[in-house]
Amino acid sequence: MPVLKALLRRKLVLLGLFIILVFVIVAVFAPWIAPYAPDVQFDDGLDDIGAPLGPNAKFWLGTDTLGRDFLSRLIFGSRATLIVAIVANTFAVAIGVLIGVTAGYVRGPLGNLMMRFTDLMTAFPALLLAILLAALIGPSLSIVMVVIAMVNWVQVARVTYTETISLAERDFITAERSLGAGTARILFKHMLPHVVPTVIVYGTLGIATTSLTEATLSFLGIGVQPPIASWGNMANEGQTYFDSAPWLVFFPSVCIAFLALSFNLVGDALRDILDPTLRGRH
Amino acid sequence: MTGYLLRRLAHVLLVLIGVSVITFLILHAPGRDPARQVAGHTASPEQVEQVRHELGLDRPLIEQYWRYATKLAQGDLGRSYVQRSQVSELIMARLPATALLMLGAIFCELLIGLPSGAIAAFRRNRPSDQGVMLGALLFVSTPQFLVAYILLYVFGFKLQWLPTTPGVSFLTLILPALSLGLIGGGWYARMMRSSIIEVLRQDYVRTARAKGLRRARIVLLHVVPNGLLPIIAMIGLDIGYFMSGIVVVESVFGWPGIGQLALQAIQQIDIPIIMGVTLVAACAIVLGNLLADLVAPLIDPRIKLK
Numbered sequence: 001m002p003v004l005k006a007l008l009r010r011k012l013v014l015l016g017l018f019i020i021l022v023f024v025i026v027a028v029f030a031p032w033i034a035p036y037a038p039d040v041q042f043d044d045g046l047d048d049i050g051a052p053l054g055p056n057a058k059f060w061l062g063t064d065t066l067g068r069d070f071l072s073r074l075i076f077g078s079r080a081t082l083i084v085a086i087v088a089n090t091f092a093v094a095i096g097v098l099i100g101v102t103a104g105y106v107r108g109p110l111g112n113l114m115m116r117f118t119d120l121m122t123a124f125p126a127l128l129l130a131i132l133l134a135a136l137i138g139p140s141l142s143i144v145m146v147v148i149a150m151v152n153w154v155q156v157a158r159v160t161y162t163e164t165i166s167l168a169e170r171d172f173i174t175a176e177r178s179l180g181a182g183t184a185r186i187l188f189k190h191m192l193p194h195v196v197p198t199v200i201v202y203g204t205l206g207i208a209t210t211s212l213t214e215a216t217l218s219f220l221g222i223g224v225q226p227p228i229a230s231w232g233n234m235a236n237e238g239q240t241y242f243d244s245a246p247w248l249v250f251f252p253s254v255c256i257a258f259l260a261l262s263f264n265l266v267g268d269a270l271r272d273i274l275d276p277t278l279r280g281r282h
Numbered sequence: 001m002t003g004y005l006l007r008r009l010a011h012v013l014l015v016l017i018g019v020s021v022i023t024f025l026i027l028h029a030p031g032r033d034p035a036r037q038v039a040g041h042t043a044s045p046e047q048v049e050q051v052r053h054e055l056g057l058d059r060p061l062i063e064q065y066w067r068y069a070t071k072l073a074q075g076d077l078g079r080s081y082v083q084r085s086q087v088s089e090l091i092m093a094r095l096p097a098t099a100l101l102m103l104g105a106i107f108c109e110l111l112i113g114l115p116s117g118a119i120a121a122f123r124r125n126r127p128s129d130q131g132v133m134l135g136a137l138l139f140v141s142t143p144q145f146l147v148a149y150i151l152l153y154v155f156g157f158k159l160q161w162l163p164t165t166p167g168v169s170f171l172t173l174i175l176p177a178l179s180l181g182l183i184g185g186g187w188y189a190r191m192m193r194s195s196i197i198e199v200l201r202q203d204y205v206r207t208a209r210a211k212g213l214r215r216a217r218i219v220l221l222h223v224v225p226n227g228l229l230p231i232i233a234m235i236g237l238d239i240g241y242f243m244s245g246i247v248v249v250e251s252v253f254g255w256p257g258i259g260q261l262a263l264q265a266i267q268q269i270d271i272p273i274i275m276g277v278t279l280v281a282a283c284a285i286v287l288g289n290l291l292a293d294l295v296a297p298l299i300d301p302r303i304k305l306k
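Sequence order for the protein chains is A and B. So that you can map any letter, position 65 of the first sequence is 65 in my numbering, and since no number is skipped, the others follow by simple counting. So that you can map any letter, position 199 of the second sequence is 199 in my numbering, and since no number is skipped, the others follow by simple counting.
Excised from the complex, chain B in its bound form:
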């Protein structure tokens, strides 16, 4: 187990190095001049040269990356070109809001997806199953911003049940979390349905039925727990999907998280922030995957860690 964990952590590290190299190369592709951008459009050529030297942009690319990586190893993500403050501080200031939004979204998607998927599986091929599945597919096919705007329009503007102003509170969390949760819920309903149908085909369910257990007991004691567990492990794999949705949802609702920070930074081509956010996101994705793999054998002892 310790060996496995060490190997996986080494793998995580390698992936993060890979992600940082690729992002670094994309951002330092020829044809763009960050020094000119930092110095401003009115700066003289000498001033631009000065900035270039201060930022170390006149060094070979490998040396620049090495300097970035050694600082990174000490937890230093550098300074923002535009906002001039520490990138790690900027990210840390916004990370709690994004984490809160993710937790709310995961709660919503499980609350919506699991029961509807289970109902569909038990009523397989009946109208209620077809209805749930079509609804799930519809949400999966809907652009994130449409769901967000419909919720904003109905509950924010028309009914005025929930605030439409940006800010972090329980009330402002509901709509963004629900927008992410409805689409995610569509995916979970589909997975939950397949999972339960798979369990219903198992021999132990037939045995339970044959020995005369009541249907409610079979469902609650055997089918639902066994169908649910593999789905729970999937939450770890969700992070990548969330990172995309979060950029859109944070932008629609003005939720002050790292999605907005990233979008702003990309529009201003603020390299240190883009690097930082990409690394934090990649970190979340690989750790989520690792968590999913670690949880899997706890849930199903037949899965062995190699």
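Chain A with its partners taken away, still in its complex shape:
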């Protein structure tokens, strides 16, 4: 695996992979790691005037606006955040590849129509569209994933489209076709393997984008809905006490930033390694 070797030689990539690993472990083992359940409202979780507590011996990161243990919510919040980011991005990449490769291979009026639609989507203010869909359909975990996928597939489609077009004109495809291979065989056996590097790069970089989109939607109150904790909606709830308890906004937001940074570090490195046109430029 030369790619893996080249990847692991970079220190920042190791750091990124380490952070991702930590987040995944935390998400998977949340019930065992978290000191308390995420939705328990403690009687001693708020101070005399009903404001959240600061970090102390019982609640290591303090409590949130409803007197719940903030650390536990942060730990459980990793689940929704990671699931939404990964699932939404998988859908986005799948839609993008499907549209890009089909349009690039079929060309003609159908291919043209697909790419015009893709162009149209780039003119859509993505976040507005996401907010709109989420608000209309009624936000829920699955809807948030669908919405994010629907606004994030465009770039993948454009890249795979260009790749497929140049591939389709290569001799080995012509040879294969003259040997009598059908469209399905050419697409699956010859085209798709060539877009695998793109899929890997966007499968990684895209998670950074989707996690930021989720965070933004949840922060605006139209993403993952309480009582399910996600880092975005925790930051949203924390806003009310921003001047007295700024950590309620900062801790979850910093987690999101680290998650996105890690996937960007790994994705950037993958792109450097996998894209031959970039070789020697970095």
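Hints should not be assumed to be uniformly reliable.
Simulated pairs of lysine to aspartate or glutamate, DMTMM-like, Cα-Cα distance not exceeding 20 Å [unchecked claim]:
#1 B:K158 <-> A:D243
#2 A:K5 <-> A:D275
#3 B:K71 <-> B:D58
#4 A:K11 <-> B:D58
#5 A:K189 <-> A:E169
#6 A:K189 <-> A:D171
FYI, nobody ran anything at the bench for these hints, they're computed from the structure. Just so we're clear, the structure is a prediction, and the values are computed from it rather than from any experiment.
Put chain B on the given structure of chain A with help from the hints.
Showing chain B alone in chain A's frame:
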């Protein structure tokens, strides 16, 4: 050139029609009843029917869209369901604030991104390059609201250098513009670095070096201008990114622009305002792209308009 421009403008028009159709279809999807919303929860079924008839919601969808589109062609975006005033007036009242914020943000991101990207390129693979690039990646990975809140906390609450109250003035502009500019600056630093590295590989730079020009002269006369120009054309492509950031930043700082108008309208499902803001935003995005394409050949004569 005129032919190209006409074709591109026709394309812009088509895109806007497409955007309006899609938004219209999303907003008029079955299962929701705008008439009930406008009439209020206490209204009798007859009153709801009356409102439905007045708004033309009892007509076929195609007819409704046609009516909307013909009015749109005359610059009429309809009336808000909730605020009852003209959507175009509501948008026009808030557009200057958003435009000001965008200008401030573009200024900040260029001011931050271009020099740091250039420095990184000239010090390629040295610690300062790696530091700048890691910093740029960090900003690119940071949620917009975190940057906004950190700035608000440090400069607004702790140091109290800048006002935290909503309003439009030079002082209140600084923090929102900087929040957008820091993240955008991260992108520009990355692009500027690649662009300068690309220029440094060009033959004319080697020639300049070979004929004995001093390094400062090569950098200032050949490398920086040539590296800078393609980046400037990218500003036009930025508008889409800004539209997302603006909704968040306007909400954190209480900046009275169209981002806030949109967010409020979406929460109240005020269809005419949502349509209006989406169209204005799409308009800005396609015109920005067009501008970028028109500027490109002026900057680099090798690019020809087709």
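Exercise. Regarding the pair K189 (chain A) and D171 (chain A), is the alpha-carbon distance no greater than 20 Å?
Worked result: holds (15 Å)
For this session: Take the C-alpha atoms of K189 (chain A) and E169 (chain A), compute the straight-line distance between them, and say whether it is at most 20 Å.
Result: holds (16 Å)
Problem set entry | Pair hint outcome, K71 (chain B) versus D58 (chain B) [Cα-Cα no greater than 20 Å] | At roughly 18 Å apart (the allowed maximum being 20 Å), D58 (chain B) and K71 (chain B) satisfy the hint.
For this session: Verify the proposed pairing of K158 (chain B) with D243 (chain A), using a straight-line Cα cut of 20 Å.
Result: holds (10 Å)
Problem set entry | 20 Å limit on alpha-carbon distance, applied to hinted pair K5 (chain A) and D275 (chain A) | The given pair, whose Cα atoms are some 16 Å apart, holds under the 20 Å limit.
Exercise. Holds or violated: are the alpha carbons of K11 (chain A) and D58 (chain B) at most 20 Å from each other?
Worked result: The hint is violated at about 63 Å.
The structure fails to meet hint 4 from the earlier list, while all remaining hints are met.
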